Amino acid sequence: MFHNLAQLIRYRGLIESLVARELKARYRGSVLGFFWSFINPLLLLLVYSFVFEFVLPNRSPEKPYALFLFCGLLPWTWFSSSVLEASGVLISSGNLIKKVLFPAEVLPIVTVLSNMVHFLFGLPILVGFLIYYRRPLELPEVLWFPVVLLTQLILTTGMALIVSALTVHFRDLKDILGNLMTFWFFATPIIYPMTGVAKGSLQHTLLNLNPFTHLAISYQELLFYPGNPPGPFGHWRGLVILLFASIGLFLFGYFLFDRLRDSFAEEV
Amino acid sequence: MLAIEASGVTKVYRRFSNRRQFATLKSALLKGTLLRDLHPDETFAAVRNVSFAVPQGSTYGIIGRNGSGKSTMLKLVAGITKPTEGSVRVEGRISALIELGAGFHPEISGRENVFINGIMLGLSKREITKRFDEIVEFAEVKDFIDAPVKTYSSGMYMRLGFAVAINVDPDVLLIDEVLAVGDEAFTHKCLDKFAEFRRRGKTILLVTHSLNLVEKFCDDVLWLDSGRIRGEGDPRRVVSAYITDVAKTEEKNLAALDARARERVDHAAPTSAGAASEAAGDAIDPPANMFTASEGRWGSREVEIVDVRILGEDGAAKQVCQSGEAVSIQMTVRAHKKVEDVVFGVGVFNADGVCCYGTNTDIEELEIAEFSGEQTVTFRIKSLDMVEGTYKIDVAAHRVDGYPYDYHRLLYSFRVKSHTKDVGIYRPPHTWEFTAGISVKDIRERK
Numbered sequence: 001m002f003h004n005l006a007q008l009i010r011y012r013g014l015i016e017s018l019v020a021r022e023l024k025a026r027y028r029g030s031v032l033g034f035f036w037s038f039i040n041p042l043l044l045l046l047v048y049s050f051v052f053e054f055v056l057p058n059r060s061p062e063k064p065y066a067l068f069l070f071c072g073l074l075p076w077t078w079f080s081s082s083v084l085e086a087s088g089v090l091i092s093s094g095n096l097i098k099k100v101l102f103p104a105e106v107l108p109i110v111t112v113l114s115n116m117v118h119f120l121f122g123l124p125i126l127v128g129f130l131i132y133y134r135r136p137l138e139l140p141e142v143l144w145f146p147v148v149l150l151t152q153l154i155l156t157t158g159m160a161l162i163v164s165a166l167t168v169h170f171r172d173l174k175d176i177l178g179n180l181m182t183f184w185f186f187a188t189p190i191i192y193p194m195t196g197v198a199k200g201s202l203q204h205t206l207l208n209l210n211p212f213t214h215l216a217i218s219y220q221e222l223l224f225y226p227g228n229p230p231g232p233f234g235h236w237r238g239l240v241i242l243l244f245a246s247i248g249l250f251l252f253g254y255f256l257f258d259r260l261r262d263s264f265a266e267e268v
Numbered sequence: 269m270l271a272i273e274a275s276g277v278t279k280v281y282r283r284f285s286n287r288r289q290f291a292t293l294k295s296a297l298l299k300g301t302l303l304r305d306l307h308p309d310e311t312f313a314a315v316r317n318v319s320f321a322v323p324q325g326s327t328y329g330i331i332g333r334n335g336s337g338k339s340t341m342l343k344l345v346a347g348i349t350k351p352t353e354g355s356v357r358v359e360g361r362i363s364a365l366i367e368l369g370a371g372f373h374p375e376i377s378g379r380e381n382v383f384i385n386g387i388m389l390g391l392s393k394r395e396i397t398k399r400f401d402e403i404v405e406f407a408e409v410k411d412f413i414d415a416p417v418k419t420y421s422s423g424m425y426m427r428l429g430f431a432v433a434i435n436v437d438p439d440v441l442l443i444d445e446v447l448a449v450g451d452e453a454f455t456h457k458c459l460d461k462f463a464e465f466r467r468r469g470k471t472i473l474l475v476t477h478s479l480n481l482v483e484k485f486c487d488d489v490l491w492l493d494s495g496r497i498r499g500e501g502d503p504r505r506v507v508s509a510y511i512t513d514v515a516k517t518e519e520k521n522l523a524a525l526d527a528r529a530r531e532r533v534d535h536a537a538p539t540s541a542g543a544a545s546e547a548a549g550d551a552i553d554p555p556a557n558m559f560t561a562s563e564g565r566w567g568s569r570e571v572e573i574v575d576v577r578i579l580g581e582d583g584a585a586k587q588v589c590q591s592g593e594a595v596s597i598q599m600t601v602r603a604h605k606k607v608e609d610v611v612f613g614v615g616v617f618n619a620d621g622v623c624c625y626g627t628n629t630d631i632e633e634l635e636i637a638e639f640s641g642e643q644t645v646t647f648r649i650k651s652l653d654m655v656e657g658t659y660k661i662d663v664a665a666h667r668v669d670g671y672p673y674d675y676h677r678l679l680y681s682f683r684v685k686s687h688t689k690d691v692g693i694y695r696p697p698h699t700w701e702f703t704a705g706i707s708v709k710d711i712r713e714r715k
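These protein sequence lines map, in sequence, to chains A and B. Residue numbering for the first sequence is 1 to 268, as defined by my numbering. Residue numbering for the second sequence is 269 to 715, as defined by my numbering.
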């Protein structure tokens, strides 16, 4: 397993080109082309803020609500589309796996990375909003941003590996997953703040067990509540624990993928 | 030094059973069969205990019928699938031409696909840049290289895939029946490329149905039959053993086909002269248009052709003949009562239904005297000068005026095999002669 993992470094050129191809191919033929990477998150943001400010106005103290929402929604989109796309990626590239010799884990990894690029393209929009609402960031906290990003990358890759490998054997995972991700979305403090959940309640405990909760809180703390609580990044303990848990999940995912690897060429 | 070494390789595939196909995660979880479903019990061995070694720099062929495990073997050597038992060891960089352009993405341009495909096959970006022009040149897609691959014709697609794969500069090249990708000129270019590979001391493993190619190119050949080794070694010897085996199967198939045709006809027609009643009148009169009639049997059966056999030189029945062989068509006839006025005829038709030859005893001015009982009539062909193909024959016994006793239309078939792939419906015995100004060499390697 670790040998294979080390081998993967040799294929970084392939991963790079495949990510580039994925991004190029996605908008090939559309009029706006690459701008969709910016427009999509913007539209998503408009839809959600319309719903929660006009259709279902909520009592949330988080103002501006759209910005609060965006802080959690953008990373969530990266996570959920990566996992959903990864579930089908081995099957849709079946021809490749059967006919060309290359490590199959490249495929789910490429899925995660190309979605990460979309996430990164969404960040300027976010920065634009921060400037618009005149919300300065705290420099020491911003330094944590790469750690949050890295944690999410490892967590997402681990999930993508598990889901992609299992879907080859259990095709209906793909269908279950759509609803599962919707449920997961609402079980994460993205559209509501964690502070709105009573501490010590069952819900609070359950939310704490959800790994994405800690990512969402971290993003929100860095981008939405700078200096509140005052001082350095307040949620760092939760994040570090999650980082290690994610590494564990990634290793487990890679192990599972590696064990099932030989069956892919026959099953897809 | 060995480039490829396979020892005791067995590959077991799972056979799809209903149970497995409908097994899903949910049912697996509910029934607790998750682990069992991952370890199937119904299996099928595509390759069984195969061992072979390919020395560096040699060209090795694998032949065998469809489903004999050739492609599985190639995938095992390529490392795409792992052997269930045994091991495969390969020295050096492998490039597998299993499916050309397998990694192409239809939406992006040929240029980008060349890069990605090349990287996938193990080249670095710099290496591809260096060889890019050569690849495009070879694939003959210069004008379209910046168009998305989805707009390519299938030939262009294949050629580009081939050009990338061949330019990976592998130490070991695996080829699975991919030479049929282009027109004649492109095929020649590919063959030249292979020859160049051989000259440079690269190892080639070739899976193909083209026996000519095997005899021309390969140093050694492996013959697989239902996953097992049937023969290995000198190409000419193995190929000829393989051809013999294929002929045997073909013979069996032809015999079965003929038997089915005759059975159909026998059901429709009276089996003896006595049964020739009004109801079976159709079976007595010849069809309105003799030349478009398909297989059938008609006639009054006063003289009955009870058996027809095609015999080889040694007198054994056969249905697959070599062109140029001596062959006989032997019919066993039975006259239920004394008949005079009998003509025996034979006709040979090719697969298009064109009559290649037809004759009868009347045309050849043989008068047959009165006879009765069971007799044999043999039509002896000294040399079967026909081109390769499957032929069907008519045999008949009738009166001089055409009144049919027993007419068998296209009920028997035989196959002619030929080393010379000439065409037409007739091969006159011939030779070529040249004046001294033209020098000619016989490159045919066979006897």
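Read the hints as simulated data drawn from the structure, not as lab findings. The reader is advised that the hints may include incorrect statements.
As the list claims (entries may be wrong) - Below, computed lysine-lysine pairings styled on DSS-like, alpha-carbon distance capped at 27 Å: (1) Lys457/B - Lys99/A; (2) Lys520/B - Lys24/A; (3) Lys99/A - Lys350/B; (4) Lys99/A - Lys418/B; (5) Lys98/A - Lys393/B; (6) Lys461/B - Lys99/A; (7) Lys99/A - Lys393/B.
Nothing here was measured: the structure is a model prediction, and the numbers come from that model.
Now the hints, each set against the structure:
| no. | hint | result |
| --- | --- | --- |
| 1 | Lys457/B - Lys99/A | holds, 24 Å |
| 2 | Lys520/B - Lys24/A | violated, 56 Å |
| 3 | Lys99/A - Lys350/B | holds, 13 Å |
| 4 | Lys99/A - Lys418/B | holds, 19 Å |
| 5 | Lys98/A - Lys393/B | holds, 24 Å |
| 6 | Lys461/B - Lys99/A | holds, 22 Å |
| 7 | Lys99/A - Lys393/B | holds, 22 Å |
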